[in-house]
Amino acid sequence: SQQGEEDPQALSIQEGENATMNCSYKTSINNLQWYRQNSGRGLVHLILIRSNEREKHSGRLRVTLDTSKKSSSLLITASRAADTASYFCATGDTGTASKLTFGTGTRLQVTL
Amino acid sequence: NAGVTQTPKFRVLKTGQSMTLLCAQDMNHEYMYWYRQDPGMGLRLIHYSVGEGTTAKGEVPDGYNVSRLKKQNFLLGLESAAPSQTSVYFCASSRGTGRVGYTFGSGTRLTVV
Chain V
1 SQQGEEDPQA
11 LSIQEGENAT
21 MNCSYKTSIN
31 NLQWYRQNSG
41 RGLVHLILIR
51 SNEREKHSGR
61 LRVTLDTSKK
71 SSSLLITASR
81 AADTASYFCA
91 TGDTGTASKL
101 TFGTGTRLQV
111 TL
Chain Z
1001 NAGVTQTPKF
1011 RVLKTGQSMT
1021 LLCAQDMNHE
1031 YMYWYRQDPG
1041 MGLRLIHYSV
1051 GEGTTAKGEV
1061 PDGYNVSRLK
1071 KQNFLLGLES
1081 AAPSQTSVYF
1091 CASSRGTGRV
1101 GYTFGSGTRL
1111 TVV
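Protein chains in written order, with our numbering: chain V, 1 to 112; chain Z, 1001 to 1113.
Read the hints as simulated data drawn from the structure, not as lab findings.
Think of the CB as a built atom: it goes at the ideal place given N, C-alpha and C, for glycine as much as any other residue.
Any given hint could turn out to be false.
[Claimed, not checked] Label pairs and their calculated CB-CB ranges:
{"id": "1", "chain 1": "Z", "residue 1": "Thr1111", "chain 2": "V", "residue 2": "Asn52", "range": "42 to 48 Å"}
{"id": "2", "chain 1": "V", "residue 1": "Ala10", "chain 2": "Z", "residue 2": "Gly1077", "range": "33 to 39 Å"}
{"id": "3", "chain 1": "V", "residue 1": "Lys56", "chain 2": "Z", "residue 2": "Pro1083", "range": "24 to 30 Å"}
{"id": "4", "chain 1": "V", "residue 1": "Ala82", "chain 2": "Z", "residue 2": "Asp1062", "range": "19 to 25 Å"}
{"id": "5", "chain 1": "V", "residue 1": "Thr27", "chain 2": "Z", "residue 2": "Glu1030", "range": "23 to 29 Å"}
{"id": "6", "chain 1": "V", "residue 1": "Lys56", "chain 2": "Z", "residue 2": "Thr1111", "range": "35 to 41 Å"}
{"id": "7", "chain 1": "Z", "residue 1": "Pro1083", "chain 2": "V", "residue 2": "Asn52", "range": "25 to 31 Å"}
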C-alpha cells in the first residue's frame, strides 16, 4: 500500500516560475524525504525533513512538514528546464530499519 | 566513487526462468533495499537488509529471494519468473540513521515474456 500520495500527478510550468508539489501520508513517521527521478534513471535524494522540523531549505528547494495534517510540500523556486523530472515523497518509518515508503510521484514539466 | 551499481541493466526472461540481480555499494552502508517500480504505483519495497547476513521481507516479497553474504552486495533472485514480475528494479543503500537519504542504483529493467 502507498503511504504517500502526491498532488498534483502532473504539473506543467514555464521556466522561471515556481513549482509546488504536495504529499499526504497516513501513519506516524520519523522523517519525510523528497527524491527526483529523471526519465529512465534512478532516484536522487533531494532533501530530508525530520518529524520534529517544520521547514527546511536547500538551494532552490523549500520543504514544509505539518505532522498534524500529515502533509508536506516541496517548493522549487525559479524553475529551470533541467528540473523536468518526476518527484517522489517518501516517508521514513519509526522502526529500526529506516524503511521508506514512496508515493506515486508528481511529473513536472518545465518548458522554455 | 561508484555509489550503488546494479547489474544487469536490462534483461528479458521467459516465464519460468530464473535469474539473479546484483547490487553492489562501495559506501560501507549497513542497510540495503530492493524496490520495484511499476507505472502509476511508485516504488514498492521487496526485501531489505540491515546488515551482513540479515534479510527481511518488505511489502511485496512473494516470488523473490535475497541474500547478503557480504556487506557490500545484496542479491535479488527470481526462482521462477512470471509476467507479473516485469518491472524496473532499484537497489538502494543507506547508513540507516534516519538522518540521511538513500543512494539508489540506476535500475534493472526486467521483462518476463
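- Whether the CB-CB distance between proline 1083 of chain Z and asparagine 52 of chain V falls inside 25 to 31 Å: violated (45 Å)
- Outcome of range test on Cβ distance (threonine 27 of chain V, glutamate 1030 of chain Z; 23 to 29 Å): Cβ of threonine 27 of chain V to Cβ of glutamate 1030 of chain Z: about 24 Å, so the range 23 to 29 Å holds.
- Message: Taking the Cβ atom of lysine 56 of chain V and the Cβ atom of proline 1083 of chain Z, is their distance within the range 24 to 30 Å?
- Response: violated (42 Å)
- Query: Should the hint that alanine 10 of chain V and glycine 1077 of chain Z are 33 to 39 Å apart at their CB atoms be regarded as holding?
  - Reply: At 36 Å between Cβs, range holds.
- Message: Taking 42 to 48 Å as the stated bounds, is the beta-carbon spacing between threonine 1111 of chain Z and asparagine 52 of chain V within them?
- Response: About 44 Å separates the Cβ atoms of threonine 1111 of chain Z and asparagine 52 of chain V, which means 42 to 48 Å holds.
- Satisfaction of the hinted span 19 to 25 Å by the C-beta atoms belonging to alanine 82 of chain V and aspartate 1062 of chain Z: For aspartate 1062 of chain Z against alanine 82 of chain V, whose Cβ atoms are near 39 Å apart, the range 19 to 25 Å is violated.
- Is the distance from the Cβ of lysine 56 of chain V to the Cβ of threonine 1111 of chain Z consistent with 35 to 41 Å? Given range 35 to 41 Å: holds, Cβ gap about 39 Å.
When held up to the earlier numbered hints, the structure conflicts with 3, 4 and 7 and fits the remainder.
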